[in-house]
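So the protein lines, in turn, are chains Z and V. FYI, in the UniProt record's numbering the residues of the first sequence are 1 to 604. FYI, in the UniProt record's numbering the residues of the second sequence are 1 to 604.
Don't read these hints as lab results, they were simulated from the structure. Just so you know, these numbers come straight off a predicted model, no measurement behind them. Treat the hints with care, as some may be off.
One copy or two, either will do: identical chains are not told apart, so a pair holds if it fits within one copy or between any two.
As the list claims (entries may be wrong) - Taking lysine to any residue and the SDA-like style, the derived pairs with C-alpha atoms no more than 20 angstroms apart in a straight line are:
id	residue 1	residue 2
1	550	485
2	550	603
3	145	297
4	336	594
5	336	224
6	336	597
7	336	511
8	336	515
9	336	171
10	336	512
11	336	593
12	336	223
13	145	237
2 protein chains.
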Amino acid sequence: MFPFAAPVRDFRFVLEELLEHGSLALPGFEEASPDLVEAVLEEAARLSNEVWAPLNASGDAQGCQLKEGCVQLPDGFIEAYRAYVEGGWNGIGVSEALGGQGLPEVVASAVQEMLHGANMALGLCPMLTAGAIEALAHHGSDEQKALYLPRLVEGSWTGTMNLTEPQAGSDLSRVRTRAVPCSAESGRYRLFGQKIFITWGEHAAAENIIHLVLARTPDAPEGNRGISLFLVPKYLEPESLVGADGSLGERNDVVCASIEHKLGIHGSPTCTLSFGEHDGAIGYLVGEEGRGLNHMFTMMNEARHKVGVQGIGVAERACQHAFAYALERTQGRSPKARGAGDCTISDHLDVRRMLLSMRARTDALRALALYCAAQLDVARHAAGDAERRAAQARVEVLIPVVKAFSTDQAVEIASLGIQVHGGMGYIEETGAAQLLRDARIAPIYEGTNGIQALDLAGRKLQRDGGAALMSLIDDVEATAQALAASPELACLGESLAAGGADLRAALVLVLEQGADPEFGPDAVQAYATPFLALAGHVLCAWQMGRTALKARAALDAGSDDPFYTAKLQSADFALRHWLPVGRANRAVIEAGMASLAAFDAAVH
Amino acid sequence: MFPFAAPVRDFRFVLEELLEHGSLALPGFEEASPDLVEAVLEEAARLSNEVWAPLNASGDAQGCQLKEGCVQLPDGFIEAYRAYVEGGWNGIGVSEALGGQGLPEVVASAVQEMLHGANMALGLCPMLTAGAIEALAHHGSDEQKALYLPRLVEGSWTGTMNLTEPQAGSDLSRVRTRAVPCSAESGRYRLFGQKIFITWGEHAAAENIIHLVLARTPDAPEGNRGISLFLVPKYLEPESLVGADGSLGERNDVVCASIEHKLGIHGSPTCTLSFGEHDGAIGYLVGEEGRGLNHMFTMMNEARHKVGVQGIGVAERACQHAFAYALERTQGRSPKARGAGDCTISDHLDVRRMLLSMRARTDALRALALYCAAQLDVARHAAGDAERRAAQARVEVLIPVVKAFSTDQAVEIASLGIQVHGGMGYIEETGAAQLLRDARIAPIYEGTNGIQALDLAGRKLQRDGGAALMSLIDDVEATAQALAASPELACLGESLAAGGADLRAALVLVLEQGADPEFGPDAVQAYATPFLALAGHVLCAWQMGRTALKARAALDAGSDDPFYTAKLQSADFALRHWLPVGRANRAVIEAGMASLAAFDAAVH
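Isolated chain Z (complex conformation) (with noise of 0.2 angstroms):
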């Protein structure tokens, strides 16, 4: 078990030199200085390296306990999460309106990444708290907002999201949990049923634990039109909700009946909660009724992009231990002509090849999550209005593929993590194989892969007719055309090129064929896994040849930080060694849809 470090330079690699610190020169963000955002980098990185990677791989091993109803999480967690809260760390994302830090996106992205490569179970805690937070901030009463929102921004309270249950999972219109009104007008509903899968629904590291839950009303239409939201406290406020205080009364209605035993991620206990046993969990009803999956959906998107963030932290975790095992671990000779000595694994080039195939994916990861967190900063803060709106079109563009790209590729990346230990990456006590059982969850919850690529291939490029997209490719070009200029990146503007080229191709090809009224969802369906596998490929690329600009320009400008000779050799792999299997998608959106559509799958 090698030691957990938060990659800072890398991150102000991103955010002072990619980014070129945008963020900072929004309307609001006037407080936030380069030197406040290095700050509070290096003190995330001290909470990450110091107090939450530690407890990893005991976590994983001692997982959590269902007691008499109680989850006993692991030694050290309710500790770690108290050092989390009382360092303010819940609210930095959040506006300074809701008692938050108000701190650009990018830097809360930044510190979500440290915290889920240190302890990506505890992680999870505060991740669902956030979609609490953004689900009333949006849509609760002033009422709800002042009693809730100030706990859950502290972080004293913690938030959950109730949507799953048995028949109900990616179709979320089969929900049958009922919600009854307790009295006409008064907002009170008493809420029965069983929702399942829900991440940090019962522990005792918080006074108070606020469920969001979707439920049907009586008499409610059938599908997606009947569901609304409800907001379901563990403890309820004593008396009255106006004028409350929030001191805790009694317990809720709502138990913990059991919590699951996964794969990964042994120390968040992912729980089944009973609403209703007895009288019925008091509920109260969020923003309108009927409108439940709406409001769910809005959190939905900052959601999506904070599980794409917590791959990419679990990626880097699993570069860092290949990359120290490879250094220390000595097998084999060098080559005659590298001296024919005994060497460390680092030096065989199959392994070198696994190594900086893990690095650049992961740097390259990392810089587009980050580009789109600093265009939610935009879209949220710029001063004028066509800025925002442009902002916002990429962002609802390039989160599925945050999403579902990072995780996928998280997946593969913890997987060559084992591969680089050999037999050693086997063992539990190593480490490495807790990271791809960790990561494994990240492609499905959030809306599983693809559902994301469902999502981009449909209602977000049928929507604009592929407009955010087809920017997105101009600046593909663009960075191709920088990268052609310079004698050293020539090959690389080559490549990314030929990237962009293949994405706006099959774009348009999807947008023919989705656009057809009677195979247009089928044509979908059947383009979408590859569609997304493309964008990702081409987009990560684009930061990597960005990357590759700046690395450039800093040796060029007479820096000899080793730090940009790495920074080129993650690009040319990302761009010449990685690049082209995601270009094989085009090939494969070409090759049609008629033997998905043929598929039976009872014959098979």
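Given the structure of chain Z, go ahead and fit chain V onto it with the hints provided.
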């Protein structure tokens, strides 16, 4: 947890139609009729489905325990292993001269795949015994063969391979275990040292365990040539070796010091064995002193084929799980063009892509592995020397591909299997996650997949100047032409021809750069992994091209068996949706080795 059904129909298709039962026509297999083969497959399927498969999940959950030096296997494992021995399964592929049934390797391989699909952890026990049989058959003295082979072939004794030590993994020249002669010329030694990662190194399923151990004799030269192979029984034969009747004597000085806590294959005890904690473990030299590594590599080739087959068994089970779940899980609605009704997820084209990708790859890997087994039969049994040599040359090239490509793909297939299950896939009780955990070892052991790639791109290709692979590519092109001649299959032929051309071009490049006296070894290392992946994709696509031709012919001849339609879909997907991704490896190779040669892991 879905039941397992060994894919007998698929085996029959490959053996009867793709391979046209060629092995049965070889000298020595006169008694093996098609009817007998069919009966063997049916009987093996019964053992797999009814006895071994039901213990897969419980064996994983329970795992092995070490108590006072004894390994306690999961419940039912001893009985399941005995049922296998009593059914005579251990000797089916062993020649009659050694006491086996002498069935062709293609049949034995099919049976192995079923058993590994049913229960990979249990399947490892006979897999290791087969290695010991092979080593003794080739290098043991007549006395050793007489004493040990009958029981090993029967399976009442099992065998192990003791290679790895903490400092000696892929690099066995670092082995330090010592073997001290008891007296001059006696052939008896006392062994001292520790071996790790010994699969089924200790257990009570067999009366005795025969350890084959690499160790160094006194005054032996450093490096590979100082290593010899020794046979160390758990229980010594009474008194003298010659004339012994095999009844058990006293316990040898070898103990299981610990067992590993692994990511998967929990039902397979992975032992640290301590030799000579007291007077030294009695061992007998096998073959020539100083030739231990060569003797070990005799059997390595076949063991590697078996690991590839094992990967395919797990992939098959992952397919079956995913198909069963997708056919029963109702979620979402079909598009308007297909009725807009409630549907199972197998109706969504994005899910179909996952299912067909899993099925097509598994079909392709199986066909290639069994083609390789058939070539093994020819190499051993054909009447003509030239025919035997040609087949052996193909086997040499195919085995690293079968081992590495099948196991890498098996990991991806098992991971896709989890994805098809959505959130349920992450819950251990579902069984999908175990398949990924189990599969993940196969790219590591019996020589990591990196070692396989080096074996292919280095030793195997450089030795014959690529002749054997060139002749395989000739066959690939012939199949492409046959496809091109069929109106319905012409586009498959085009795709296959392009793949063949890519592989030929990459082969020329690797041969040229690999021959460079200075940079050759690094070039081989740099290109090995993408080259093996390219070869795997093209050779698998070739087999699926042959599958398409056979299936098309059967349908054209009037068959209405949906099996053939399914195989056509599988072939279409393999050639037009899967092969393009593999073909990208040509571009990866052509990108050169500069970034890997310049790479310094310490600055990344």
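Going through the numbered hints above, which ones does this structure break? Give me the numbers in ascending order.
No hint contradicted; all consistent.
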